[in-house]
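Chains as they are written, first to last, in my numbering: chain A, 788 to 1164; chain E, 788 to 1164.
Read the hints as simulated data drawn from the structure, not as lab findings.
Keep in mind that the hints are not guaranteed to be accurate.
[To be verified] Cross-link-like lysine-lysine pairs, in silico, DSS-like; alpha carbons within 25 Å at most: (1) A:K1129 / E:K1129; (2) A:K1129 / E:K865; (3) A:K865 / E:K1129.
2 protein chains.
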Amino acid sequence: MPPLREHRRATKTVTHLADGRELIYFDDPGAPPRRPRADRRELPSRDTIPELRWDALAGEWVSVAAQRQDRTYLPPEKECPLDASTPEYASEIPDPGYDVVVFENRFPSFATLPSAPRGPLPAIRPGDMLNRAAGRGRCEVVCFTSDHHTAFSGLSPARVRTLLDAWIDRTEQLSTHPDIEQVFIFENRGREIGVTLTHPHGQIYGYPFIAPHLRAQLDQARAYEASCGRNLFADTLAAEVAAGERVVQRGEHWTAFVPFAARWPMEVHLYPNRQVPDLPALTEAELDELSRVYLAVLRRLEAVFDDTLPYIAGWHQAPVRRDRDLAYLHLQVTSTRRAPGKLKYLAGSESAMGSFINDMQPEEVAALLRDAKIVEP
Amino acid sequence: MPPLREHRRATKTVTHLADGRELIYFDDPGAPPRRPRADRRELPSRDTIPELRWDALAGEWVSVAAQRQDRTYLPPEKECPLDASTPEYASEIPDPGYDVVVFENRFPSFATLPSAPRGPLPAIRPGDMLNRAAGRGRCEVVCFTSDHHTAFSGLSPARVRTLLDAWIDRTEQLSTHPDIEQVFIFENRGREIGVTLTHPHGQIYGYPFIAPHLRAQLDQARAYEASCGRNLFADTLAAEVAAGERVVQRGEHWTAFVPFAARWPMEVHLYPNRQVPDLPALTEAELDELSRVYLAVLRRLEAVFDDTLPYIAGWHQAPVRRDRDLAYLHLQVTSTRRAPGKLKYLAGSESAMGSFINDMQPEEVAALLRDAKIVEP
């Protein structure tokens, strides 16, 4: 378990919403002390949590979260639940302003009710084809700014630094949660890929298992280490740096590259130059550079095509209890944009068989990103 | 390797297109003999094939097929390349009419050039992070009808029976191809999921490897058989039949059900009631029932919502050389439609981490499909 530390520079203030969900303000350094206002809404109490079902053919848990069908879907701008509250409208955030705010998702894919039992998932009964479990864990929403009309790429490096403090705090806190095995921090951006709220925000999933893609990477890394004693992620980064042709940006502490076997038309991986398990393990110098290089990577991606870029950005962090020496923190940003106005869709080969076809040459994408004209953060 | 058999009842006629690609007509029983016309177009010769790149972190091949960027994208209706040719317009199909026709994809994800070497993929060099291989194999297009304006669900059972003959023939033929390890037959339907041609058609991928999802299922089935001596797919079907609440339709030879751990808002699996490896292993009686039950399943899916249903339908067939006793032929139909006008998208959890959240209760979906009013095929 990683050491618990206080957030680095941002000011943290914890409160609760009307239905008991936790809400946490992270204010930029120098902000005046916050006295959080009460949530004045009447909200139904939370009494159901999603169910996990074991897919015996795939060997994976699937979350069945039927109550999410009712979640807020492209609300009118005056009713954005991620704006700060006003005298006329009570949003999810009771205060009249905020810098970064994190709260428990009202429509979660995983949730632990205060009264419910906690602890690891039950073992799979192999002869039983219908294994179920409570979908415990935690889903949080992270608002990057109270400004409804900007995007992550429009934040200041100082605000990204506050956001990094929030992500570190949440990783540390959720890593101590008895139901949670992995903390996944991500942003879905763009209506074209199904984002139902346009306010700049991301999410955090505290999974009660190690998710399939991370598990597959750790399996590969374990076999690789057994065969040659080296770390697979570190050797991947070293091979990309040595080849050079797919490197997008390389700094003192971070390297961004289009991976050799990219699956998506636009795909960038961002690695720290030394192996660390998760965001809380980063040094101040690494965090400071990250707050600028993260913005630069997004701005490069957005500069390539002449329309709004839909993307998914997700942090691969080590599991909270296992394989922490095998994992290697990195960010993966992918976009389905393959040309102006054209998206790549997952069709039969990718969706049904898991076999990816990429229509873009990774080396050409890397060149486009390197040459992109951006405002340096 | 399965025994080679002639197609069952349809009449097969083989010809070639101007660039050397194979084209095969499958005509309904009783059609007059076909004397295939020559392709009168001038087409550039085929000289490049896609590249496979090994994703060392996932342990999977990715196909990089940059030449596919130029493929035909939502052409005007008069220029549909899947219509029969007319005196004014030369399509991909030279004859003025057809029942079912199969031809090599002009923009393939896998291809074997006549002059190229053949055989299994090279072994992965474990210390090398940049393993590449030629993307050999075969991609075929299957037109279900010359009628541009219908859909699979609008075909007659007799035409579906001709299509089954075509699928059986292609499975048998591609199973003898030295580059191919798996024959995947599928249909992508609906502009909303990226289909670039609206003419009713499907595809066949002859993969030079066993695709990740089939490989994962076979790994699970192998472990299950080792633990209890039974077949995992057969026990899955038996458990669904015993539970009953997710069964959509059960006949003498076939059973359709919504799987217990469905990943998609709409998902139906269709299993033969006895274990067979692939389509060529089916009996006449099984094929006859399949031609009606396949139509009924699609019509039920399309009847639930009041708008056009996008879907992916794919056949899980046994690998052509390995694990044929472990596999169990079945069809998987999935749709991203979660409500009228609303799609489910793969966002951060599914796309980046492989962890699926389903917003629909499988038992409720099964009830909707059972109760759907359809025209019986």
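Does K1129 of chain E sit within 25 Å of K865 of chain A, going by the straight-line distance between their CA atoms? 22 Å, holds
Take the C-alpha atoms of K1129 of chain A and K865 of chain E, compute the straight-line distance between them, and say whether it is at most 25 Å. 22 Å, holds
Straight-line Cα separation of K1129 of chain A and K1129 of chain E no greater than 25 Å? Given pair K1129 of chain A, K1129 of chain E holds - Cα atoms ~20 Å apart, limit 25 Å.
Checked against the numbered hints above, the structure violates none of them.
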